[in-house]
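Given the coordinates of chain A, work out where chain B should sit on it, guided by the hints.
Chains as they are written, first to last, in this note's numbering: chain A, 91 to 286; chain B, 31 to 406.
Heads up, a few of these hints could be off.
[As the list claims (entries may be wrong)] Restricting the straight-line Cα-Cα distance to at most 20 Å, the calculated cross-link-like pairs of lysine to any residue (SDA-like) are:
#1 B:K180 to B:A101
#2 A:K233 to B:E222
#3 A:K110 to B:T125
#4 B:K180 to A:K110
#5 B:K128 to B:A101
#6 A:K233 to A:G272
[What the hints assert, rightly or not] Covered by chain B, according to a simulated footprint, are these stretches of chain A (three or more residues, beta-carbon under 8 Å):
#7 138-152
#8 250-262
No wet-lab data here; the hints were simulated from the structure.
Quick reminder that beta carbons are idealized off the backbone N, C-alpha and C, glycines included.
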Amino acid sequence: MSAIEDLVTELSRLPTIGKKSALRLTYHLLKQPPEQSRRLAQVLGTLTERVRLCERCFNLTEEQPCTICKDPRRDAATICVVEEASDIAAVERTGEYRGVYHVLGGRLSPLDGIGPDELTVTALVQRVGAGGIREVIVATNPKLEGEATALYVQEQLSSLGVLVSRIALGMPVGGDLEYADGVTIAQAIASRRQMR
Amino acid sequence: MTQASRVTLSSIAIRDFRNIERAELTIPPDGIALVGDNGQGKTNFLEAIAYLELLRSMRGVRDRDLTRFGATAFHIGCVSAGAAVNRVGIGVERTGKKRIMLDGVDTPRLTDALGALPSVCFSPADIALIAGAPAERRRYLDIALALSSKRYLAALRQYRAALARRNAALREAARPGARHSSVAAWEPALAEHGAVIVEERRGWVAEGATEFTRLCADIGERAKMQIEYESPLAAAADVRAALAEALHKGRDHDARRMITHAGPHRDDLAVTLGTRDLRLVGSAGQQRTAAIALRLLEAATFRTRGGAQPVLLLDDPFAELDRKRASRVLALLEESSATGLGQTILCVPREDEIPAAFTRLERWTVRDGVFARVAS
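This is chain A alone, in the form it adopts within the complex (with noise of 0.2 Å):
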């Protein structure tokens, strides 16, 4: 194999990328001054050198406690439970959560064999278990995979008297009823609340 077919295949392994957009990248590169592929090429030996999973939290990370775990300023006794490390950034723009993560590392998925010892539920347990933990909140995503491993979670939390919450379902921030679909209307409505 030529080395233009080497770096296509490799670049289309990659999500969102096909073979056109990998042969595009090829091409685009090759017309670039050979330094800027040499610091690609750099960056990602770095980055599969440096980059770990926290040990407290899953989180990726540079440093161990990951950032997030070692801030005193965050509140250790909140955890949110996420399924990837991504999920992690979603939250953190929001800027309103001030407490720490626990990464899954993906969610229930039988199908594809993930069960529950390909997770890292045992670790959360573990983590609640060592006892400092006031609440755990499951923000898997709602789907139905996503809910099978919430439940799970919780149901391997539930004798350990700390709270355990789920994010809230229902209808988005600005969106409109008339174009909203019928589940997603009837969990909204299920999970009303009062007004004060």
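Below, chain B without anything else, positioned relative to chain A:
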């Protein structure tokens, strides 16, 4: 009830579907009579029309086996009137990629395109509806209900997804070295969506049971034929709670067999003659009568719930019926709707087998997948 509008197919184009390499037919509002020997492509033609409704084979054949030998994809397109959508185009590649255009607009979600061209097919193979395994009758219920109730369709999809996962979790848990099991985590979803399926099936059978008995009597059956919804949950007041409990109780048993036992995926639609199972005591003619009554009921469901008089696909439907019964079935088809007989695509092996009611239909022949119009 608003009057059902009559769905008519005005043209159909088929490419590389089964033994049909290329066919383009213009179809009159009353329909056509298609004459051809066995194995020439009659049923394939009906299957292509039914594909526009089900988005898969009505015979349960896999998509890649529907593509003509040597071709890489098949296409079916139609222009119709009376349905919500007037132009449907479907392309299915051997790789499994399926593309659907409704009125020229790409429709990425298959569920949005289901039922685009309402049709009901009467065929000798329908005998399996009565004589076959419960899965045949569940499939029948699922099609009749999923195409007429969005709620049912959504529940069915979710239920199947959750069921596949619980079964996979049961297998996973049986693997040596597995420490934790997620079997229980799938049960709330199964109970929630399974309950919708049970309630809708129960309601549909309650609604149609009298009609079924009447249809069988009208076709000429003297003993009383009945349908009954058969499910351990059929009588439950709170189906969701009952199913959740059954799943919980069955967990150990399920774990040993590595399969989920409780739930609507094990239901049946019992068809009885007098008090006995028609499957065991019925003659071939009686079973055929019951199968036709089920198809008539399916057509009635589309009329009353979907407001559309479906296209009738008749695949040599009177082959095993005596003349008297055959003419009654035709009368029932006609009287069942204020708009008269639906557009009919009739397939028969020989010209002299075209019933009198259909001799006025435009005639076509099919031979080795090639269609030709017979000059009148």
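Comparing the hints with the structure gives:
{"no.": "1", "hint": "B:K180 to B:A101", "result": "35 Å, violated"}
{"no.": "2", "hint": "A:K233 to B:E222", "result": "14 Å, holds"}
{"no.": "3", "hint": "A:K110 to B:T125", "result": "19 Å, holds"}
{"no.": "4", "hint": "B:K180 to A:K110", "result": "38 Å, violated"}
{"no.": "5", "hint": "B:K128 to B:A101", "result": "15 Å, holds"}
{"no.": "6", "hint": "A:K233 to A:G272", "result": "15 Å, holds"}
{"no.": "7", "hint": "138-152", "result": "violated (count 0)"}
{"no.": "8", "hint": "250-262", "result": "violated (count 0)"}
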